[in-house]
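Given next are the chains, with one letter for each unit.
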Amino acid sequence: MSAETVHTIIDDLGALLLFTMILIVAAGQIYRAIYAVAAQSLFIAVAGAVLATATGNVDLWVIAGITLIVKAMVLPWVLHHVVQRMNIRREVEPVIPVGATLALAVLIVVVSFQLSASLGSVRQAITGNALPVGIALTLTGVLAMATQKTALTQMVGLFASENGIFFTAMSVTQGMPLIIEIGVILDVILAALVMAIMVLRVRSTVDADIADLDRLRG
Amino acid sequence: MSETLLWVLPVVPAVTALLMLTTHDRRILSAIDVCGSAVLLALTLVLAREVASGGPRAIGLLRIDDLGLIFLLLVAFLTLAVSIYTVGWLKQALAVGNMKSELLRSYFALVHAFVATMVVTVLADNLGVLWIAMEGTTITSAVLIGYHGHQHGLEAAWKYIIVTTIGISFGLFGTVVIYAAAAAAGLHGGAGALSWSAIMKVAPTLDPGIVRIGFIFVMVGYGTKAGLAPMHLWLPDAHSQAPTPVSALLSGVLIKCALLGIIRFQTIAAAACGPAFPAGVLLVFGLISVVVATPFILAQHDIKRLLGYHSVEHVGIVALGLGFGGRIGTYAALLHVVNHGITKALAFFAAGKAIARYGSRDMRVIRGLLSVAPIGGTLLMLAALSLAGVPPFSIFVSELLVLRAGIGQGHWVAIAIFLAMVVIIFAGLLHHVGSMVFGEPAAAVSREPETWSPLLGMMLLAAIMILLGLTIPASFDGLLRRATEIVR
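So the protein sequences, as listed, match chains A and B.
Heads up, the first sequence is in the working numbering, so the first residue is 1 and it goes up one at a time.
Heads up, the second sequence is in the working numbering, so the first residue is 1 and it goes up one at a time.
Honestly, the hints are just simulated from the structure, not real lab data.
The reader is advised that the hints may include incorrect statements.
To be verified - Just so you have them, the derived chain A footprint on chain B, three or more residues with Cβ under 8 Å:
| hint | segment |
| --- | --- |
| 1 | 118–130 |
| 2 | 137–147 |
| 3 | 162–170 |
| 4 | 208–222 |
Predicted model only: the values in this text are computed from it and were never measured.
Backbone N, C-alpha and C fix where the C-beta goes; we use that ideal spot for every residue, glycine too.
Take the sequences, apply the hints, and build the full model.
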């Protein structure tokens with residue numbers, strides 16, 4: 001593959017990632033948000049495979065494989081499992097109207113592209129538009145966490161945010177060192193498990209969403 | 001020899017954690033706890049001697065220099081103090097049902113796993129390993145914060161894990177961005193390109209624009225973990241809900257480890273885009289932290305939340321010292337890290353004993369501590385006086401040095417705000433503590449005599465707190481000076 005083709009593919013995948021992000025932010029039901037984040041992780045794995053083919057970097061194949069299994073399959077399954085155990089029927093509860101959230105998300109995307117357009121020399125170090133897409137995904141993930149107050153949407157926002165970092169990290173010309181990536185993914189799994197346990201624990205003891213607890217103030 | 005020590009150090013608490021899983025007996029668990037911590041401190045002291053004579057050591061992804069050594073000594077020392085305190089604290093917590101005996105071993109195992117991850121953050125040369133270990137501290141300590149198992153503890157733990165995980169992912173993004181800058185500057189070769197010492201060698205050639213973005217991400221990320229405002233939201237909840245020994249570790253050590261992460265990136269940013277940029281960012285966060293903490297300290301009724309907001313203030317002061325910069329500012333910041341770590345751990349210990357005696361964390365209920373627990377009351381008063389910045393205690397010295405650095409650099413506005421806040425907090429804290437320590441206790445308060453183990457742990461810390469206020473030993477002064485040269 002030529003460098004041009006790789007740039008185009010990465011940029012197209014970046015557009016798809018931003019699209020899934022919009023789906024997550026605008027999701028009316030928790031299931032849709034979970035499927036969207038799974039799709040997003042799938043695209044990240046594809047991006048990894050493309051970059052691996054282009055650069056001949058074997059580590060990237062491993063990272064793409066781990067991303068596929070862990071982030072596109074295991075974590076969504078954990079979330080799905082928690083949703084079923086909690087037996088929640090209620091909708092996602094946005095703090096501000098979805099329209100306003102979407103407007104903010106668009107603003108974030110524009111600012112991210114503006115910001116990285118001012119950085120000339122980075123173009124050589126990171127493939128295509130991976131840096132602005134990564135920044136936009138990370139910040140929109142935080143937006144999703146801030147505007148929807150259920151524990152599961154907060155977890156989904158967190159994973160989406162981390163997807164942005166992974167996308168940028170893969171696209172750094174040399175790729176991140178394998179041992180570091182594996183360590184990071186290990187941390188993500190452990191954090192997800194601890195969160196899932198906490199959510200279920202609160203559900204079973206006080207029958208409330210852990211993110212709704214707000215007794216600690218001042 | 002000392003290279004081997006580098007990887008043995010994190011293994012010691014990890015093995016201690018595994019040993020905990022072999023028994024249920026409280027006495028044996030406490031014995032393993034104290035022994036493991038003592039071994040960690042002994043090995044740290046051996047390593048300190050080696051580094052003082054032979055300079056920085058490195059092996060693989062780990063490295064120790066004088067800067068890291070300051071934090072390592074703090075970790076090891078406070079871990080031992082916590083272990084000694086825990087012996088007596090636990091006996092009482094079990095008696096009143098705050099802790100359950102069947103869960104004890106996993107509690108101890110988690111505490112030592114937590115310590116192990118903190119040791120790795122301090123020893124990490126590779127910025128990726130630094131991040132992984134930092135997220136590791138979040139996971140282990142989040143479980144500990146919710147350990148009492150009641151609703152408030154779980155709420156605090158959830159807020160903590162969500163806020164710090166998202167915060168720290170900003171830190172990872174910043175790390176990736178700086179790695180990309182280093183790769184663009186021609187730094188090659190796998191894990192080596194994320195090594196702090198390797199990046200420092202090429203730092204002046206890094207692209208300033210991208211390093212600026214990276215540093216801001218890192219500042220927000222590790223700043224969340226350090227408890228800098230406005231990312232401090234998790235801190236008062238976590239510090240107040242965690243079991244007291246864990247509160248002491250969180251406040252005394254964990255937020256300091258995050259500060260070390262910030263300092264590592266500060267040196268890279270200072271070399272790449274001039275010292276003024278990172279210093280400015282640190283000044284802004286430092287001032288916000290000091291200002292935000294003040295009203296909450298004044299209006300607080302919960303003693304552990306009070307101490308939590310105090311941590312926000314003091315982390316802010318460290319950031320101010322680093323921001324003022326220069327030899328004096330950096331020296332003052334590093335000294336303040338140690339002083340605050342020791343004083344705050346002591347304050348949490350003393351507060352924990354008072355809470356157990358009165359059965360409440362409300363400062364309006366705790367009255368006349370001095371007449372029911374003379375030694376504990378005195379220690380609480382000493383810690384509070386030191387936290388407020390009264391001479392001759394250690395924090396007075398480092399705050400004065402921060403002030404002098406600011407005057408030397410001509411940051412008049414920052415100094416005016418800083419001084420005003422410190423004076424207000426001084427008055428507020430003395431009011432709070434004065435009414436807790438003096439006065440008539442309610443008749444229902446337990447008057448049972450104080451036990452040796454918590455007192456021993458507290459006196460150890462108090463001794464160091466007073467010593468560092470009166471004089472800074474030559475060897476420690478030398479360590480601080482060499483570390484200052486690394487940062488500057």
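Going down the list of hints, with the structure as the test:
no. : hint    : verdict
1   : 118–130 : holds (count 3)
2   : 137–147 : holds (count 5)
3   : 162–170 : holds (count 5)
4   : 208–222 : holds (count 3)
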